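In case you want the letters, here they are:
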Amino acid sequence: MFMGNLTKGMFGGGFLYTNKESISLGMVVGIADLIAKQPPVEVPELLEEFKTNSDISVLIRGGDSVEYSAHVISEGGFDAMPRLYDDGILVVGDAAGLNLNTGLTVRGMEFAIASGVFAARAIKRAKDSHDYSKATLSYYQQLMQDSFVLKDMHTFRKAPSFLENPRIFTLYPQVLCDTLEKMVTIGESPKPKMSSTAIQELRRRLGLSWLRELRGAFKL
Amino acid sequence: MTRDSIRAKLGRDTIKVDTEKHIRVKQEICRDCREKYCLYVCPAQVYILNKEDQIELDLDACLECGTCRIACTKKAIDWNYPRGGFGIQLKFG
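Chains as they are written, first to last, in my numbering: chain E, 1 to 220; chain Z, 1001 to 1093.
Bound-form chain E, shown alone (with noise of 0.2 Å):
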């Protein structure tokens, strides 16, 4: 996972996943801060520029690009879920808005292949039973309940509103990194104690809320 300046500024960060003969490189950008960008920046260049940065390029020299996709994610978390369950149909995967971003993970694959495997337990009881109203059909729901798949929903509910603090895309990613900086750095004059490098430097870019600011990071 990627996040700072590739995005700049806007909502989103970069991934990289391994796959077994080849990788996924990419990127997540927020419709909404896209289109209030100014100067407006082009998608397709966003990408480019993330490929020239100076950790990615060294990862993919001598690659070759295999395939060029792109989706919309939903990112409106448990809150904006719609019914999974209805007579004669069920709502699985994407369409049943089940992606979970927490700034730090991104989840969703491993929702859709439950929740295929959830919806097709649901639909061989309605068959055994002939009878695919939303009375049976409701078992999907509750297999859905009892998986990981609504109770991490259902935890991490706060996240989207929670990311929508545009500083975890600009500061707190720059504050991370300069703060790691300074205390592996060993310059002229003595070092100060680890902690309170830390805490001078986290006090001195966040502001007399930094206490504040950490907490409310830690409230996902």
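Computed list of lysine to aspartate or glutamate pairs in EDC-like fashion (alpha-carbon distance at most 16 Å, straight line): (1) E/134 to E/87; (2) Z/1026 to Z/1056; (3) Z/1009 to E/64; (4) Z/1091 to E/67; (5) Z/1016 to E/67; (6) Z/1091 to E/21; (7) E/8 to E/45; (8) Z/1009 to E/49; (9) E/8 to E/33; (10) E/37 to Z/1035; (11) E/8 to E/42; (12) Z/1036 to E/42; (13) Z/1009 to E/45; (14) Z/1009 to E/67; (15) Z/1009 to E/48; (16) Z/1036 to E/33.
It should be emphasised that the hints constitute simulated quantities derived from the structure, not laboratory data.
Please read these numbers as outputs of a predicted model, since none were measured by experiment.
Chain Z: place on chain E using the hints.
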């Protein structure tokens, strides 16, 4: 890896073009739209401004992401998925 042009990237995708247009724009709205977010939010640059300052669509390039549909605050875009069997066919996910 060198910088990739949008055409080169799209050239690697398999897109079966639908004979029916899956996206339509309301030109009368676009004409008066100053922002024209569609021109730069689309990852495939489907939206092009022609010499007459009209929005033209390069539907062969569409990745079916749906960004334009949300970004167009004037609601000038009528967006649908291509019919079954048409559109982008992803091989790597």
